[in-house]
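Chains as they are written, first to last, in my numbering: chain R, 4 to 125; chain U, 30 to 173.
Mixed in with the good hints there might be a few duds.
Unchecked claim - Covered by chain R, per the in silico footprint, the following chain U stretches (three or more residues, Cβ under 8 Å):
(1) 44-50
(2) 54-60
What the hints assert, rightly or not - Residues from chain R shown here face chain U by an in silico Cβ test under 10 Å; the list is partial:
(3) Asn-68
(4) Trp-73
(5) Met-74
(6) Tyr-75
(7) Ile-77
(8) Thr-78
(9) Ile-82
(10) Pro-84
(11) Ala-90
(12) Met-92
(13) Glu-93
(14) Thr-95
(15) Ala-105
(16) Met-112
(17) Ile-114
(18) Trp-117
Stated by the list, open to error - Partial pick of chain U residues on the chain R-facing surface, computed with a CB cut under 10 Å:
(19) Ala-39
(20) Val-40
(21) Ile-105
None of these hints come from the bench; they were simulated from the model.
Glycine residues also receive a C-beta, built at the ideal position from the N, C-alpha and C atoms.
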Amino acid sequence: MIEWYTWTTIGIALAVGLLCIGFTVAGKGPRDLTVLGVVLMELLVIAQIVMAIVAPSVGNSPTGNPLEFWMYLITAAIIPPAAIVWALMERTRWGSLILAVAGIAISVMTIRMWAIWTIQGV
Amino acid sequence: MSGVGRVLVAVYGILALAALGRSIFQIIDRFDAAPIAYTLSAIAAGVYVIATLALALRWERLAWATILFELAGVLIIGTLTTIWPDLIGEGAGDPFGRSATVWSTFGAGYLFIPLVLPILGVIWLVRARRSAARAAQPASPHAS
Chain R
4 MIEWYTWTTI
14 GIALAVGLLC
24 IGFTVAGKGP
34 RDLTVLGVVL
44 MELLVIAQIV
54 MAIVAPSVGN
64 SPTGNPLEFW
74 MYLITAAIIP
84 PAAIVWALME
94 RTRWGSLILA
104 VAGIAISVMT
114 IRMWAIWTIQ
124 GV
Chain U
30 MSGVGRVLVA
40 VYGILALAAL
50 GRSIFQIIDR
60 FDAAPIAYTL
70 SAIAAGVYVI
80 ATLALALRWE
90 RLAWATILFE
100 LAGVLIIGTL
110 TTIWPDLIGE
120 GAGDPFGRSA
130 TVWSTFGAGY
140 LFIPLVLPIL
150 GVIWLVRARR
160 SAARAAQPAS
170 PHAS
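Looking at chain R on its own, in the form it has when it is part of the complex (with noise of 0.2 Å):
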């Protein structure tokens, strides 16, 4: 994993999060900035996923467990576009907190994959 970039995830993703929090508490559905912050986020999870493929041939390989590292990654490239189409089919607020809820459940899984790669031995 690459530091700032997986820093960059975590920002948008939570940014993405409060924002659609942000909508919800307004009354707000989703519209067409909630939902493509949330495609990004999905292009943020992607293109980890082709630099995590890449990365141990050219030394960065993860200290931790490379298995339970790709479940975290899978999961978090599974959630974005399930999260847009289950928040398209309830067009209020409720909608905009799926969108929120899947921005938190990014961010953090994120931190979690950091941590698998970089520290062990807590």
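Knowing the structure of chain R, use the given hints to seat chain U on it.
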């Protein structure tokens, strides 16, 4: 299905994925290390998957059964792992430990979502039942 129910299903779905992923990993990686804890992880994951489907597809009975099972699981395993951390496997009482299940120490490793979610699920099912009963009875102008 009204809005809040959909959010509930979404959160259930994510927890189901999380529990399933963790369980598959534990079983492939080191099942012999703590068979009881990992079997529990797998059962919990299966029940979350079924609960998600039951809520989404409005299979009310199955939703009740799975949600009450989860509530019992998180309370029983949560209590046991808090009092005797090594009872069901070494280190199972550490919410981030190698033998943790989604229910260890009341789901602390998952922000206590496994504890809160079945309670919200029960509230949702009770409300859904009431509104269904209300819809079934034609409103009388004199009834309050």
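Cross-check of the supplied hints:
1. 44-50: Contact hint for the region 44-50 of chain U vs chain R: holds, 3 residues under 8 Å.
2. 54-60: holds (count 3)
3. Asn-68: With Cβ-Cβ at 7 Å, under 10 Å, it holds.
4. Trp-73: holds (9 Å)
5. Met-74: holds (4 Å)
6. Tyr-75: Hint on R:Tyr-75: holds, closest Cβ of chain U at ~7 Å, below 10 Å.
7. Ile-77: This interface hint holds because 8 Å falls under the 10 Å limit.
8. Thr-78: holds (5 Å)
9. Ile-82: holds (6 Å)
10. Pro-84: With Cβ-Cβ at 12 Å, over 10 Å, it is violated.
11. Ala-90: Holds, about 8 Å.
12. Met-92: At about 7 Å, which falls below the 10 Å cut-off, the nearest Cβ of chain U leaves the hint on R:Met-92 intact, so it holds.
13. Glu-93: Status holds, d = 5 Å.
14. Thr-95: For R:Thr-95, the interface hint holds, since the closest Cβ of chain U sits about 5 Å away, which is under 10 Å.
15. Ala-105: holds (8 Å)
16. Met-112: holds (8 Å)
17. Ile-114: violated (12 Å)
18. Trp-117: violated (14 Å)
19. Ala-39: holds (4 Å)
20. Val-40: It holds, given that the least Cβ distance between U:Val-40 and chain R is near 6 Å, below 10 Å.
21. Ile-105: Result: violated, 26 Å to nearest chain R Cβ.
Taken one by one, the earlier hints fail for this structure at numbers 10, 17, 18, 21, listed in ascending order.
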